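Engineer: Protein chains in written order, with the numbering used here: chain A, 1 to 117; chain Z, 1001 to 1308.
Hints in this document: simulated from the structure, not taken from any laboratory.
Just to be clear, a hint being listed does not mean it is correct.
Subject to a maximum C-alpha distance of 30 Å in a straight line, what follows is the list of computed BS3-like cross-link-like pairs (lysine-lysine) [said to hold, decoys possible]:
no., chain 1, residue 1, chain 2, residue 2
1, Z, K1191, A, K75
2, Z, K1279, A, K75
3, A, K76, Z, K1093
4, Z, K1113, A, K76
5, Z, K1093, Z, K1113
6, Z, K1184, Z, K1147
7, Z, K1113, Z, K1176
8, Z, K1176, A, K75
9, Z, K1201, Z, K1184
10, Z, K1279, A, K76
11, A, K76, Z, K1184
Distance windows between CB atoms, simulated [unchecked claim]:
no., chain 1, residue 1, chain 2, residue 2, range
12, Z, G1197, A, R5, 46 to 52 Å
13, A, D43, Z, T1030, 55 to 61 Å
14, A, D43, Z, G1197, 39 to 45 Å
Because the structure is a prediction, the values reported are computed rather than measured.
Glycine included, C-beta positions come from ideal geometry on N, C-alpha and C.
Below are the chains, spelled out letter by letter.
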Amino acid sequence: MRYDRIVQALTATVHYSCHTFEEAEVTNFVASDLMSDVLVLDDEEFLLITSLSTEQSIRTADIVGARGVLLVNNKKPQPGMLALATELNKTLLATPERMFRTCAILGCILREEGHLD
Amino acid sequence: MSNSFILGTDNAPSHMIELMYRMKVWDVMTRELRVGSRTSTLAELQGIMRDNNISGIPIAEGGRLYGIISMDDIIRCLQQGAMGDSAADRMTKNVISLEDDMPLSFAISTMEKHRFGRFPVLNKHGELVGILTSRDILVHLLIAMNKEMALLESSLNPQPTSEAGGVLIREYTTRKFDFENAGKASTEIKKILVDRGIGSKIARKVAVASYELEMNQVCHSLGGTLSFKLTEETAEIVAQDLGPGIEDLESALIEGWSTANEWVRSLGFGAGMGLPNTKRVSDEFSISGGPSGTRVVTSFRLRAEPSV
Chain A
1 MRYDRIVQAL TATVHYSCHT FEEAEVTNFV ASDLMSDVLV LDDEEFLLIT SLSTEQSIRT
61 ADIVGARGVL LVNNKKPQPG MLALATELNK TLLATPERMF RTCAILGCIL REEGHLD
Chain Z
1001 MSNSFILGTD NAPSHMIELM YRMKVWDVMT RELRVGSRTS TLAELQGIMR DNNISGIPIA
1061 EGGRLYGIIS MDDIIRCLQQ GAMGDSAADR MTKNVISLED DMPLSFAIST MEKHRFGRFP
1121 VLNKHGELVG ILTSRDILVH LLIAMNKEMA LLESSLNPQP TSEAGGVLIR EYTTRKFDFE
1181 NAGKASTEIK KILVDRGIGS KIARKVAVAS YELEMNQVCH SLGGTLSFKL TEETAEIVAQ
1241 DLGPGIEDLE SALIEGWSTA NEWVRSLGFG AGMGLPNTKR VSDEFSISGG PSGTRVVTSF
1301 RLRAEPSV
């Protein structure tokens, strides 16, 4: 799915959009507040859904090659987080929705677009 | 003397001495002045001091300094019932003043010598332009020291860098609970690998190991170093911390075994996956150490990226 669809469905705020924001096709998401759990995955090019609004979620996204970070629970990115997202070219979105609803909404879109069996 | 001013230049580190010479009186003095005139009564001056929360007031007219009235003078006049006296009769006339272009070090030694609470500051035309207290000096020195420390720290990280004979070596320092800088080394290591055209899967594995080791040092140790060595064939990371050591090395390699506190976990780490995950992504892994520190050595083959 395109970022504009994600933004619309989750009434999300775009804090930073990466260079491929317009054309990127996002089909994989990882949801976790524990960065340790993200670091053990082999997934690539996913959007990291988390309520951890510190630099560490951006660093984790960069280390594992994720596209960016989607903050849930109405979290505002800390200034250092936004600066790092810009530096490392990682998309940074924030939604007022809670973690479960965010995942459910994105799951529906994935199914509709045929990315889920 | 027990109350001697602590910011002497005799034993200060060279950075501090340089700072105290570089900063001038005009950088730290208070420019918003409350002054009295020679005809002001002590009662009026006491009112100004009370309203502005100050303990001394220069007596000046048209920029020319005539004297100073301190809290001691006010108390003395209160005791003598002389609050109606004029400043001219009661002020200290032989005032020690400073010049605005003097280095701070000079102001500090003047303060040490005379031990007044405040010093009027004059410009080169002899006009009163400010007042200097030890508090002004302390506040501005602290601000300047903060900036110096930030500069020093940024010059420490990354530490020694060398590249000779096709071998690149980088050394990074980590500090306990410094979550702001934690991960910087790993971000840089990944960038080096990607810039060199190392496959993204291998770059990711090295970066994951580096990040786990870096976070381990920040969360659990007293700080340490991360050494990164890159040759044509291999990448190696050596993480050496300053203690207190892992009590049970075998358990530390079991997934989910964690000694992290709730605070560390609230920052997204401490799930007990760090060392097992480092081992998982590494081609070679070894761990050793005791109470004085733990050493983890990991290495990665850079050739023949497996096709997954």
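Engineer: Look at each hint and say if it fits the structure.
Structural biologist: Each hint, compared with the structure:
1. Z:K1191 with A:K75: holds, 29 Å
2. Z:K1279 with A:K75: At roughly 34 Å apart (the allowed maximum being 30 Å), A:K75 and Z:K1279 break the hint.
3. A:K76 with Z:K1093: Violated: A:K76 and Z:K1093 sit about 59 Å apart, past 30 Å.
4. Z:K1113 with A:K76: Violated, at roughly 53 Å.
5. Z:K1093 with Z:K1113: Holds, at roughly 18 Å.
6. Z:K1184 with Z:K1147: Given pair Z:K1184, Z:K1147 holds - Cα atoms ~20 Å apart, limit 30 Å.
7. Z:K1113 with Z:K1176: violated, 42 Å
8. Z:K1176 with A:K75: holds, 26 Å
9. Z:K1201 with Z:K1184: holds, 20 Å
10. Z:K1279 with A:K76: Violated - the C-alpha atoms of A:K76 and Z:K1279 are around 35 Å apart, more than 30 Å.
11. A:K76 with Z:K1184: Holds - the C-alpha atoms of Z:K1184 and A:K76 are around 22 Å apart, at most 30 Å.
12. Z:G1197 with A:R5: 46 to 52 Å: Given a distance of about 35 Å, which is not inside 46 to 52 Å, the answer is violated.
13. A:D43 with Z:T1030: 55 to 61 Å: This hint holds: roughly 59 Å between Cβ atoms.
14. A:D43 with Z:G1197: 39 to 45 Å: This hint is violated: roughly 23 Å between Cβ atoms.
In the structure shown, a violation is registered for the earlier hints numbered 2, 3, 4, 7, 10, 12, 14, in ascending order.
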